[in-house]
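Using the sequences and the hints given, assemble the complete structure.
Those protein sequence lines, which keep their order, are chains A and B. Every letter in the first sequence is one number past the one before it in the numbering used here, and letter 40, counting from 1, is 40. Every letter in the second sequence is one number past the one before it in the numbering used here, and letter 15, counting from 1, is 120.
Simulated from the structure, these hints should not be mistaken for laboratory data. Predicted model, so just to flag it, every value in this text is computed and none were measured. Don't be surprised by glycine CBs; every beta carbon is placed ideally from N, CA and C. Treat the hints with care, as some may be off.
[Said to hold, decoys possible] Straight-line distance between alpha carbons at most 30 Å, and here's what the computed DSSO-like set of lysine-lysine pairs gives:
| id | chain 1 | residue 1 | chain 2 | residue 2 |
| --- | --- | --- | --- | --- |
| 1 | B | Lys165 | A | Lys18 |
| 2 | A | Lys93 | B | Lys182 |
| 3 | B | Lys165 | A | Lys71 |
[As the list claims (entries may be wrong)] Example chain A residues on the side facing chain B (calculated, C-beta under 8 Å, incomplete):
| id | residue |
| --- | --- |
| 4 | Glu22 |
| 5 | Asp24 |
| 6 | His25 |
| 7 | His26 |
| 8 | Gly30 |
| 9 | Asp42 |
| 10 | Phe56 |
| 11 | Ser59 |
| 12 | Ser60 |
| 13 | Leu62 |
| 14 | Gly63 |
| 15 | Ile66 |
| 16 | Arg70 |
| 17 | Arg87 |
| 18 | Ala94 |
| 19 | Ser95 |
[To be verified] Computed Cβ-Cβ distance ranges for the label pairs, DEER-style:
| id | chain 1 | residue 1 | chain 2 | residue 2 | range |
| --- | --- | --- | --- | --- | --- |
| 20 | A | Lys43 | B | Pro210 | 43 to 51 Å |
| 21 | B | Phe117 | A | Glu86 | 29 to 37 Å |
| 22 | A | Arg37 | B | Arg235 | 36 to 44 Å |
| 23 | B | Gln199 | A | Ile103 | 50 to 58 Å |
| 24 | B | Trp243 | A | Asp36 | 49 to 57 Å |
| 25 | B | Gln199 | A | Arg70 | 17 to 25 Å |
| 26 | A | Glu102 | B | Thr207 | 23 to 31 Å |
| 27 | A | Glu86 | B | Glu222 | 15 to 23 Å |
| 28 | A | Ile103 | B | Gly137 | 30 to 38 Å |
| 29 | B | Glu107 | A | Asp41 | 57 to 65 Å |
| 30 | A | Glu86 | B | Glu122 | 27 to 35 Å |
| 31 | A | Glu7 | B | Lys170 | 45 to 53 Å |
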Amino acid sequence: MEQNMEEYAIIDNYLCIKMPQEVDHHGAAGIRACADRLILDDKVKNIVFDFENTTFMDSSGLGIIIGRYRKISCFGGKVYAINTNERISRILKASGMSAIIEILV
Amino acid sequence: METLKNQISIEFDAISENERLARVVIAAFLAGIDPTLDELEDVKTAVSEAVTNAVIHGYKENGGKVVLRASLSTDEKLTVDIIDYGVGIANVEQAMQPLFTTGVPSERSGMGFSFMEAFMDGLEVESTPREGTSVHMWKHFAKRQTTGTKPILQAAVWNRTGRE
Ligand SMILES: Nc1ncnc2c1ncn2[C@@H]1O[C@H](COP(=O)(O)OP(=O)(O)OP(=O)(O)O)[C@@H](O)[C@H]1O
Ligand SMILES: [Mg+2]
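So, in structure tokens, the structure goes:
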């Protein structure tokens, strides 16, 4: 789909997903499809969303995180956000997402 | 007295590509009043939410037409209307509750209306089943404090040189 596979890497048991500059409904289907295919890999236990390039995210981004969290949390996996700018951190916290995603600074 | 300074109205297809288009349009419309980066992102997010809802829920991703109207008054009050002629909402009050969604629960958070409320100064939703939905939002820019706000350019430079 639109997302390049180089935006995804499996390191140890972590699936790292490089989020695009703008995380919205338009790009969400591609991210979901790629992520869910890779989650099937036996090694993957946890997911790291890398927001280094992200300057915009609306509620569709929360949907991506919640959906992936549901897939891995039943196997004891965890979800992390890294490289979030001030605004993305604020959105994640204000919407209560910090209950399911750990924001690493 | 507030008089109208500028007004736009555009109609576009209810396809996901146009979520970004709507954000770009509203950002350009606001350029004249020199909003802070945060204010700009607030409005872009609210518009993105309303347009996305029209695409996903109003038209069930089968396409249709979305109208974006925006106006700016001389006292720097922005009003935005996002209108669709889709399925409509039977119970608006329920739809606006945080976490309420009729979408696929693993794809939608049910936070769209909450985002619109949080990022704008006001939100009103009118909807009639089988006729469509109209989302009316507004935000005052004149109210903003002059201390502690980040002009767009400065913030953009700051973002590039590193954060915190
Ligand atoms: N334009 C619309 N036409 C029809 N129904 C709508 C429209 N906008 C919102 N709704 C209804 O209101 C509900 C709540 O909308 P809201 O944006 O808050 O959450 P969501 O779109 O379901 O999830 P999210 O925005 O977090 O991805 C939707 O699930 C849908 O049932
Ligand atoms: Mg929504």
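Hint check:
| no. | hint | in the structure |
| --- | --- | --- |
| 1 | B:Lys165 - A:Lys18 | holds, 29 Å |
| 2 | A:Lys93 - B:Lys182 | holds, 28 Å |
| 3 | B:Lys165 - A:Lys71 | holds, 25 Å |
| 4 | Glu22 | holds, 7 Å |
| 5 | Asp24 | holds, 5 Å |
| 6 | His25 | holds, 5 Å |
| 7 | His26 | holds, 4 Å |
| 8 | Gly30 | violated, 11 Å |
| 9 | Asp42 | violated, 21 Å |
| 10 | Phe56 | holds, 7 Å |
| 11 | Ser59 | holds, 4 Å |
| 12 | Ser60 | holds, 6 Å |
| 13 | Leu62 | holds, 4 Å |
| 14 | Gly63 | holds, 5 Å |
| 15 | Ile66 | holds, 6 Å |
| 16 | Arg70 | holds, 6 Å |
| 17 | Arg87 | holds, 6 Å |
| 18 | Ala94 | holds, 7 Å |
| 19 | Ser95 | holds, 6 Å |
| 20 | A:Lys43 - B:Pro210: 43 to 51 Å | violated, 27 Å |
| 21 | B:Phe117 - A:Glu86: 29 to 37 Å | holds, 31 Å |
| 22 | A:Arg37 - B:Arg235: 36 to 44 Å | holds, 38 Å |
| 23 | B:Gln199 - A:Ile103: 50 to 58 Å | violated, 31 Å |
| 24 | B:Trp243 - A:Asp36: 49 to 57 Å | violated, 39 Å |
| 25 | B:Gln199 - A:Arg70: 17 to 25 Å | holds, 23 Å |
| 26 | A:Glu102 - B:Thr207: 23 to 31 Å | holds, 30 Å |
| 27 | A:Glu86 - B:Glu222: 15 to 23 Å | holds, 21 Å |
| 28 | A:Ile103 - B:Gly137: 30 to 38 Å | holds, 35 Å |
| 29 | B:Glu107 - A:Asp41: 57 to 65 Å | holds, 58 Å |
| 30 | A:Glu86 - B:Glu122: 27 to 35 Å | holds, 28 Å |
| 31 | A:Glu7 - B:Lys170: 45 to 53 Å | violated, 33 Å |
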